[in-house]
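Trainee: The chain contents come next:
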Amino acid sequence: MEERKSLIKIKPKSYKDGEIVKVNFMVMHPMETGMRKDKKTKELVPANYVNSIKFVYNGKTITNMTVWESVSANPVFTTYMKIEGQGDLTVTYTDSTGEVHEQSIKIKPKG
Amino acid sequence: MQRRDFFKTLGTAAVVGATIPVMSFAAETKKKGPNAFTYEQALDVITGGKKPVKSDKVHLKVPEIAENGAVVPVTVEVDSPMTDSDYVKAIHIFATKNNNVRCIDANLTPANGKAMLSTRVKLGGTQDVAALIELSNGEFLIAAQSVKVTIGGCG
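First to last, the sequence lines map onto chains A and B. Counting in this note's numbering, the first sequence runs from 1 upward without gaps. Counting in this note's numbering, the second sequence runs from 112 upward without gaps.
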């Protein structure tokens with residue numbers, strides 16, 4: 001299985017409790033639509049796209065996304081989030097082939 | 112526009128990046144994918160027959176002219192207090208003429224603090240990009256903007 005890289009970025013880098021911050025989630029994923037033909041073999045490349053993304057912060061689901069193949073390759077998803085104390089932000093994504101990946105970072109508010 | 116051309120070009124763009132798009136105009140009968148339904152049908156499925164209202168509260172940011180149809184940034188922002196009693200429940204983004212019109216559904220909660228969703232979509236050609244907003248009181252808001260796709264997406 002090919003390893004997929006993913007990354008969570010929080011802007012601004014330092015934040016206080018109760019602040020609303022931007023959350024950037026990026027995945028390296030080909031997002032194949034299943035309609036593209038391989039140039040050499042002339043066969044259809046099977047569909048393989050991210051179809052669900054879940055943002056969980058301290059055990060609470062904050063955003064839940066359903067994604068279809070119309071989203072670009074190597075997608076980036078940006079939303080906002082309210083900081084409520086220390087904890088983990090975990091992003092889980094599933095793709096249409098059934099692969100499940102998880103990425104998490106620690107949330108440490110200052111002050 | 113043929114779907115075949117669209118995906119062929121898309122694929123090229125996705126793999127090699129900004130290379131010259133390959134275009135062929137061979138006729139091919141249209142196949143319907145599992146998610147193939149029109150924009151109006153997709154709207155109906157989500158709203159349940161309710162009519163969405165055009166509103167100034169929804170800020171849809173899409174480039175008017177997209178050079179590369181494979182990567183079109185879309186940002187949707189909604190003016191909402193995001194409290195427990197009044198918040199944005201969901202943001203849906205549609206590409207009205209793509210094979211699969213639905214791009215992304217995001218279910219938000221008051222924990223988001225701000226109703227915003229930003230991502231990048233593929234567009235098969237010049238078309239409208241629409242954002243449907245579901246509020247916690249059951250109302251639906253809509254915003255749409257046309258995007259001119261020059262190369263990459265379809266040609």
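Warning: the hint list may mix true and false statements.
To be verified - With a cut-off of at most 25 Å between alpha-carbon atoms, the simulated PhoX-like pairs for lysine-lysine come out as follows: (1) A:Lys108 to A:Lys60; (2) B:Lys225 to A:Lys110; (3) A:Lys22 to A:Lys11; (4) A:Lys108 to B:Lys168; (5) A:Lys16 to A:Lys106; (6) B:Lys208 to B:Lys161; (7) B:Lys165 to A:Lys13; (8) B:Lys165 to A:Lys37; (9) A:Lys22 to A:Lys82; (10) A:Lys22 to B:Lys200; (11) A:Lys60 to A:Lys106; (12) B:Lys162 to A:Lys16; (13) A:Lys37 to A:Lys60; (14) A:Lys106 to B:Lys225; (15) B:Lys165 to A:Lys54; (16) B:Lys225 to A:Lys9; (17) A:Lys42 to A:Lys110; (18) B:Lys200 to B:Lys259; (19) B:Lys168 to A:Lys22; (20) B:Lys200 to A:Lys11; (21) B:Lys225 to A:Lys54; (22) A:Lys82 to B:Lys172; (23) B:Lys162 to A:Lys82; (24) A:Lys60 to B:Lys225; (25) B:Lys259 to B:Lys225; (26) A:Lys22 to B:Lys162; (27) A:Lys22 to A:Lys54; (28) A:Lys60 to B:Lys165; (29) A:Lys11 to B:Lys165; (30) B:Lys168 to A:Lys82; (31) A:Lys22 to B:Lys225; (32) A:Lys54 to B:Lys162; (33) A:Lys11 to B:Lys172; (34) B:Lys172 to A:Lys9; (35) B:Lys165 to A:Lys82; (36) B:Lys162 to B:Lys172; (37) A:Lys110 to A:Lys13; (38) A:Lys9 to B:Lys200.
In case anyone wonders, no lab produced these hints; they're calculated from the structure.
Trainee: Look at each hint and say if it fits the structure.
Mentor: Going through the hints against the structure:
1. A:Lys108 to A:Lys60: The hint holds at about 17 Å.
2. B:Lys225 to A:Lys110: The given pair, whose Cα atoms are some 21 Å apart, holds under the 25 Å limit.
3. A:Lys22 to A:Lys11: holds (5 Å)
4. A:Lys108 to B:Lys168: violated (33 Å)
5. A:Lys16 to A:Lys106: Distance of about 14 Å is within 25 Å: holds.
6. B:Lys208 to B:Lys161: holds (22 Å)
7. B:Lys165 to A:Lys13: Status violated; Cα separation ~36 Å.
8. B:Lys165 to A:Lys37: violated (40 Å)
9. A:Lys22 to A:Lys82: holds (9 Å)
10. A:Lys22 to B:Lys200: holds (18 Å)
11. A:Lys60 to A:Lys106: Holds - the C-alpha atoms of Lys106 (chain A) and Lys60 (chain A) are around 15 Å apart, at most 25 Å.
12. B:Lys162 to A:Lys16: violated (41 Å)
13. A:Lys37 to A:Lys60: Outside the cut-off at roughly 41 Å; violated.
14. A:Lys106 to B:Lys225: Distance of about 21 Å is within 25 Å: holds.
15. B:Lys165 to A:Lys54: violated (29 Å)
16. B:Lys225 to A:Lys9: holds (17 Å)
17. A:Lys42 to A:Lys110: Status violated; Cα separation ~56 Å.
18. B:Lys200 to B:Lys259: violated (30 Å)
19. B:Lys168 to A:Lys22: holds (20 Å)
20. B:Lys200 to A:Lys11: holds (23 Å)
21. B:Lys225 to A:Lys54: Holds: Lys225 (chain B) and Lys54 (chain A) sit about 17 Å apart, inside 25 Å.
22. A:Lys82 to B:Lys172: holds (23 Å)
23. B:Lys162 to A:Lys82: violated (32 Å)
24. A:Lys60 to B:Lys225: Cα-Cα ~17 Å, so holds.
25. B:Lys259 to B:Lys225: This hinted pair is violated, its Cα atoms lying about 29 Å apart.
26. A:Lys22 to B:Lys162: The hint is violated at about 32 Å.
27. A:Lys22 to A:Lys54: holds (16 Å)
28. A:Lys60 to B:Lys165: violated (32 Å)
29. A:Lys11 to B:Lys165: violated (31 Å)
30. B:Lys168 to A:Lys82: holds (21 Å)
31. A:Lys22 to B:Lys225: holds (9 Å)
32. A:Lys54 to B:Lys162: Violated - the C-alpha atoms of Lys162 (chain B) and Lys54 (chain A) are around 29 Å apart, more than 25 Å.
33. A:Lys11 to B:Lys172: Given that 25 Å is the threshold and the Cα spacing comes to 20 Å, the pair holds.
34. B:Lys172 to A:Lys9: holds (22 Å)
35. B:Lys165 to A:Lys82: This hinted pair is violated, its Cα atoms lying about 28 Å apart.
36. B:Lys162 to B:Lys172: Within the cut-off at roughly 23 Å; holds.
37. A:Lys110 to A:Lys13: It holds: about 10 Å lies between the C-alpha atoms, which stays within 25 Å.
38. A:Lys9 to B:Lys200: holds (24 Å)
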